[in-house]
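So the protein lines, in turn, are chains L and F. The opening residue of the first sequence carries number 1 in the working numbering; numbering runs sequentially from there. The opening residue of the second sequence carries number 1 in the working numbering; numbering runs sequentially from there.
Derived by calculation from the structure, the hints in this document are not laboratory data. Errors might be hidden in some of the hints.
As the list claims (entries may be wrong) - SDA-like cross-link-like pairs, simulated, lysine to any residue; straight-line CA separation at most 25 Å:
1) 86(L) with 198(F)
2) 233(L) with 133(L)
3) 86(L) with 143(F)
4) 86(L) with 56(F)
5) 86(L) with 18(L)
6) 273(F) with 193(F)
7) 273(F) with 259(L)
8) 86(L) with 273(F)
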Amino acid sequence: MLRLIVSRIVGLVPLLLIVSILTFGMLHLVPGDVRERILGFEATPEQYEALGRQLGLDQPFLVQYGRWLGRALQGDLGTSYFNSQKVTDAVLGALPVTLSLTFGGMLVALAIGVPAGVWAGLNRGGRVDRIAMFMATVGQALPNFWIAMLLLIPFAIWWQLVPATGFTSPAESIGDWLRSILLACIALGTSASAALARQTRGAMIDVLQRDFIRTARAKGLSRTSITYKHALKNAAVPVITTIGFQVNALLSGALIVEQVFGLRGVGSLVIESVRTQNIPMVQGVVILGTLVIVSVNVLVDIAYGWVNPRVRAS
Amino acid sequence: MSVARFGQCGSRAVAGAWHASPCTLVMLVCSALLAACGPVVDRDALADRTIRFATYQPLITFDPHLSPTGPTASTYLSPVYDGLTAPHPDNPYDVLPALATEWRWLDDRTLEFRLREGVRFVDGEPFNADAAKRNLERMLALNGPRRNTMRSIREVSATGPYTLRIALYDPDPTLLRNLSTAPGLMVSPAAFDHAALDLNPVGTGPWIYDAAASAPGDYYRFRVNPDYFDPPGEDFGELEVIVLADGRTRLFSVISGQADIAIIGPPEADHAKRLGLELARRANRWMGMTILDRRGELVPELADVRVRQALAFAVDRQAIADAVYFGYASPAVQPMAPGLGYVPELDDYYRYDPERARALLREAGVEGFSFEVPVGSAGSPDYEAIQHYLRQVGIDMRLVVMESGAYTAAAMARTFPVNTIGYPNYDPDSRHLAIWHTQSAFNPFRIESARINELADEARFSLDPELRARNYREYFDILGREVYSVVYLHVDDLAVYDDRKLQGVRLGAYIDPALRDIRLRRTTDCPDGSAAC
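Next comes chain L alone, as it looks inside the complex (with noise of 0.2 Å):
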């Protein structure tokens, strides 16, 4: 497992770099000019020099990219275009955010998402399986936020059971930032409760037709110890490769639902970068949003040797 890890990160020094060399490309081929947004259209092309040579603009390509990869190198993300803001300080500040609706999210769908897929399986063709199965297409199919644009308005607006907007962080109150994030979690988690639905469903079905699970009703098991201590056990590897995929999506689908609450998470702050072509903040993101999802990975890895003894053996 250690010999996973470590090649693991290993691994994720040539893909950081290949990761900031196609962002820090893309966005020198956005068209517009950052000056423009700092200092206005009024501003003389003097002006327009003298900042370019601030920000290292004036440089070619190369230049400007191994500027940024050798403060990378030392920890130094940099600072935004606009002001004297670290962009880890920003990335940060955001992360929790993101972090609380993707894992709120996966929550949701994992609360959901197995015991109905456990359940569907269980019943096999019958009535559960079909209505559960009816739900799950029904819940890929409705984007997320959608499913935040309805849940906003009678739980927000209507009723105001919870902030329609903003983000409180557990250290301030754990009920509140549990309601900031209630709604963003559950439209998140829909979609990917769905297909773990349909995954779980699966890998119980299969698993349940195996000659260990016809011992073991051969010799007496309870229903319950086959389907949770047997089978169950068995069918987790393909769900949670699943659950890998699935907090990957939910990671980028966090980036849209953040806007319909207002939450000031890495989505919103992406987006604000991109729109003003404030490169550091954007190459801040994408390396630290990298550096998530490579991590998660890893936890994915870790669990796979967990509930199956030959993963970790080999």
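Since the structure of chain L is provided, determine the placement of chain F on it from the hints.
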């Protein structure tokens, strides 16, 4: 008033907006779970002394000498800084005393100010003539984005502890106004060298920025400055600026009580109006097209004034104001609102008359032509409507929808024959320099109009209000009749607010509300002394 407060189901707004059938089982269960999270946060409007303002605009910098003007300055800088003068809330051409209590022109190139005594910056440094001199010198040396508005300043001298003299290269009728904007705001000289001045302002304003309680980019909190030189009274609240990018989310933030006032667009205003919410509105900008290619290099037909006039006659402005702007715009044919540069006779000049447009095109020998216009994605519905009307008279206007960065660059390049930037409808001096002057950023074809330049140059360097009025009247008469820009509408800036909590809400010249004028409504303002009116 019908804004529903957070946690107050059954308020009038809730009742008014209630169109749902009885709750479904799922909703009831979810409601119970939500309620079980704990007591609802106490956000009683009248116990809450904070004015919460939701805007789309995040802070750029708290250093006024490096800041652009516009909403970033009026939202974030005006709470914490003062200038020698202050903008007049109702008249964009006038100013009020601020850190200067009075001023006089010694001659047409020398202005002398009497400064307010006993004022201190929030770091304890005194404000005096030396501090003002050092501020203006810093602003000129830093070469910030709006330095050009102060380019007439030749020398600043402190002629006494509280007397400041500014010598100019040329007479400058806009100087007093420009001194009230970002580059004229006063920073504590002791903070000039603070590396983080851009995130930690040190001014004399009525609020003090609370960096520890703020999350830049998300929300910014300001507490009342207890030592402000002009105590604003007990009904003056703390301030919180909340950044919410989406207009609908900003409206929801007011409806649900997370914000007390929010900038919104016409679709949200229409929704807010149906809910019975209070709106503040002010027509600050014009919408239309500036004809960049008046020599016809890209589109030869546009060189003919009759063709340009056909563009003005062909469009039903009222219909667009009603359909696209939900009535929050008014038909207009000239760039300037009543005031400097407004020409009353032009108002009847371009009434909707498609027959006249066709006749002008025939007269010009044009049987139909096409041209491309760049539009930002947010503005495309307006121009789709205009496209429809122009097509009725045989003009094929093709829209090229662009992301905002590309759009602005395209609007200043020789790529398109027209641009669709919406400019403020006041301050002809600045508009001339930005749009119609030969070297303007938005005159990429460098089209020279000698008479226009002559009139503006004479007006820009004159302190004689009559001369300025006369010149700009002729200027915009020429501009209107020769159609340098086709103006269709004057568009309202809009804000929705909770009038149970706030009073004195009105919009300033830069989209957002004049924050300093807003007061908390006192219980005694309600006829029965109750907590809510």
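Structure-based check of all given hints:
{"no.": "1", "hint": "86(L) with 198(F)", "verdict": "holds, 12 Å"}
{"no.": "2", "hint": "233(L) with 133(L)", "verdict": "holds, 22 Å"}
{"no.": "3", "hint": "86(L) with 143(F)", "verdict": "holds, 24 Å"}
{"no.": "4", "hint": "86(L) with 56(F)", "verdict": "holds, 21 Å"}
{"no.": "5", "hint": "86(L) with 18(L)", "verdict": "holds, 23 Å"}
{"no.": "6", "hint": "273(F) with 193(F)", "verdict": "violated, 48 Å"}
{"no.": "7", "hint": "273(F) with 259(L)", "verdict": "holds, 23 Å"}
{"no.": "8", "hint": "86(L) with 273(F)", "verdict": "violated, 41 Å"}
When each numbered hint is compared with the structure, violations occur for hints 6 and 8.
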